[in-house]
Amino acid sequence: MDFLNAIVALANYVLIPGIAYGSQLAIGALGVTLVYGILRFSNFAHGDTMAFGTMITILVTWWMQSVGISLGTLPTALLALPFGIMGCIALVLITDRTVYKFYREQKAKPVILVIVSMGVMFVMNGIVRFIIGPDDQSFSDGPRFIISARDFKRLTGLDEGLGIRTTQVITVVTAIVVVALLFWFLNKTRSGKSMRAYSDNEDLALLSGINPERVVMITWIIVAALATIAGTLYGLDKSFKPFTYFQLLLPIFASAVVGGIGSPLGAIAGGFVIAFSEVTITYAWKKVLGYLMPESLEPNGLVQLMSTDYKFAVSFVILLIVLLFKPTGLFKGQSTT
Amino acid sequence: MKKMLMATTAAALVATGAFADGHSKEVKIGIHFGFTGPIESLTGHMADGAELAIKEVSDSGMLLDGMTASGMRVDSGCIDNGLAVSNGERLIADGVAGIVGSDCSGVTGALLQNVAIPNGMVMISPSATSPGLTTMEDNGLFFRTSPSDAREGEVMAEILQERGIKSIALTYTNNDYGKGLADAIESSFKAIGGEVTIVAAHEDGKADYSAEVGALASAGGDILVVAGYLDQGGAGIIKAALDAGAWEQFGLPGGMIGEALPANIGPDLNGSFGQIAGSEGPGIENFEKMAEEAGFLGASPYTPESYDAAALLLLAMQAAGSTDPAMYKDKILDVANAPGEKIFPGELGKALELIKAGTDIDYVGASAVELIGPGESAGTYRMIEVKDGENATVGFK
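First to last, the protein sequences are chains A and B. Add 610 to a position in the first sequence, counting from 1, and you land on the number used in this note's numbering. Add 11 to a position in the second sequence, counting from 1, and you land on the number used in this note's numbering.
Extracted from the complex, chain A is given alone in its bound form (with noise of 0.2 Å):
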């Protein structure tokens, strides 16, 4: 019993939490590691491009529930994540059109291309918060647990609860569902063939024939509809606020730089990384070990590894690891240095 109660708990506090973040960090990280990979600058407007696109979805999810459209027991903003999706590309096929363009065809080097993407990021920054306001937003709907901790604690008769929320479903269902879509689209059709080659070497992918605003176009459709559905699903999980969105950018890019820049396996495998990172590392221990130990060992204080405030800290100091002792990353992107 002690045990169940133990890989409960774990589960509860760490594994759930731990497998929802992950999935949206690493859904985050693919949009990255996109950019990267093909545009070869780090798009440090990402976190304001996903508000944006969250920021749509969340009008029309307002508008849908005001005249009485739902999907029934599943949140409406799925049923508005399309037309997310779509402003969200129309954003950033103009920003790419009137900014990144010029500075493409002047050859601009990847350091100059990333300060533009700071600036685009501001203006993006601003254009959330003139339209929605820099406020927390609520827009789920629909039952809220699977289950809730206190009907798993009468069904099971446990002493720990369980509580899985609908959100964190419906992310991992999302995320896992995106991911085969994106790799299928890379390694089957010829559009995805072409944008691989062009990440791998351009020249040779220009002498046969691949059109690189094609390839430029395609690569900022798939970012926009990638940076939507990972905010809609933090948002929905979570909460909507513009400024939580622009502080996702450090977990996204250290999970992007974990896997490897430029590896789309690389970016998910480094979100996991770095979600159980943060969750595992501020944890406290105490009740699970509690659980598992003779009461004799029982600990006494928290066993907390840091405090909770130093969860960004956490993706900082293996951001710093990696990029010291093993810059391609897990995966064997291309090198950051």
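Because the hints were derived from the structure by calculation, they are not lab data. Owing to the predicted nature of the structure, the values given are computational and were not obtained by experimental measurement. No residue lacks a Cβ here, since even glycine has one placed at the ideal position from N, Cα and C. Do not take every clue at face value.
Unchecked claim - Reference listing, derived: stretches of chain B covered by chain A, where coverage requires no fewer than 3 residues with Cβ under 8 Å from a Cβ of chain A:
1) 208-217
2) 317-326
3) 354-362
As the list claims (entries may be wrong) - Using 25 Å as the maximum straight-line C-alpha spacing, the simulated SDA-like pairs for lysine to any residue come out as follows:
4) A/Lys763 to B/Leu344
5) A/Lys711 to A/Lys851
6) A/Lys851 to B/Asp219
7) B/Lys177 to A/Glu905
8) A/Lys851 to B/Asp279
9) B/Lys201 to A/Ser801
10) B/Lys367 to B/Thr391
Here the structure of chain A is known, so what remains is to put chain B in place on it, guided by the hints.
Chain B only, in chain A's frame:
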């Protein structure tokens, strides 16, 4: 060039002189609250409360030699010291005679040190409750119509004991207010034999508090006491704790009491309890009626205290016969405390008349003002329990 400079400076001087003259029949009161930031859902009502007192005095025509009074609102940001100080300086530049504010403890300390003391300006805060402000050197310029959190800690400990709670987990918002209050609750609860399993800070403005709740839940405890802000991390912590099934009942100190919290959290909050500075009796009843007529919520937290803060400033000016802070700062305790004729909300005109006639007054106001020590409220608390999604008052302490 030099002549040009001289001429413009002179012109500016003359112009300001002229302006000052033109406005000498009007006394301006600065209202320095966080209209943006973590308690923005409260400050609108608070400012309305202060302005109600100012208007009442102004309309009575009894202030000094028939002077009028007006309020000037600026934003403190609640947790943004830079913004608070620069807006405080704006108030000084605009020639206010006193400041109602600031609201949150951190910015109140900053405003006192950087603006009020250098400029010799009197400020009365309706809602800064950090114990640290009691001992801060203030040259007799700082008062508050709210009690110190040291007192709230004692009250909360008593309530917990009465409800038979043996152990608590405690989390606070990581700033002066949260830390001061958490210390007070922890020491008071331990002093009466309770156990505090963990004291952990949380940062405001995050989207996800599951990690914080995980640590708190590991430590255990009968209930979770959240010394935070209802529009910010405090609400986030409660949501995350309910989601994880870690706690079902919460202890809610002053910063967590407001209509927005039960509305945001929903029925799961029923049964949670707490306390907030507040009083009973004819003062608050009158005030709530007046507030309703004026179109705002008089029962909103710290709104009665805001009315009282503005009223005290103006009554002290009357007692000193001057709007000069250096003159009237010593009169504030006189008008606030016994002996004298009791003054309730809506009677400010009468109070001004009494003072003019040389009669001593004892301002009771909306929050039963009684200033002790270096000029802070002795403090009565309203005990709150969330019932059917609303904050119900279950008693006074």
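Hints, verified against the model:
Three residues within the 8 Å Cβ limit are the bar, and the segment 208-217 of chain B against chain A gives 7, so the coverage statement holds. Counting residues of the segment 317-326 of chain B whose beta-carbon sits less than 8 Å from any beta-carbon of chain A gives 0, not enough to reach three: the coverage restraint is violated. Counting residues of the segment 354-362 of chain B whose C-beta sits closer than 8 Å to any C-beta of chain A gives 0, which falls short of three, so the coverage hint is violated. In summary, the hint linking lysine 763 of chain A to leucine 344 of chain B is not supported, as the alpha carbons are separated by about 57 Å, beyond the 25 Å threshold.
Between lysine 711 of chain A and lysine 851 of chain A the CA atoms are separated by roughly 30 Å; this puts the pair beyond 25 Å, and the hint is violated. Pair hint lysine 851 of chain A plus aspartate 219 of chain B holds up; C-alpha atoms about 11 Å apart against a cutoff of 25 Å. Taken as a hint, the lysine 177 of chain B and glutamate 905 of chain A pair is honoured in the structure, with Cα atoms around 22 Å apart against an allowance of 25 Å. Pair hint lysine 851 of chain A plus aspartate 279 of chain B holds up; C-alpha atoms about 24 Å apart against a cutoff of 25 Å.
Simply put, lysine 201 of chain B and serine 801 of chain A have alpha-carbon atoms about 68 Å apart, too far for the 25 Å limit, and the pair is violated. In summary, the hint linking lysine 367 of chain B to threonine 391 of chain B is not supported, as the alpha carbons are separated by about 31 Å, beyond the 25 Å threshold.
Hint violations for this structure: numbers 2, 3, 4, 5, 9 and 10, all remaining hints satisfied.
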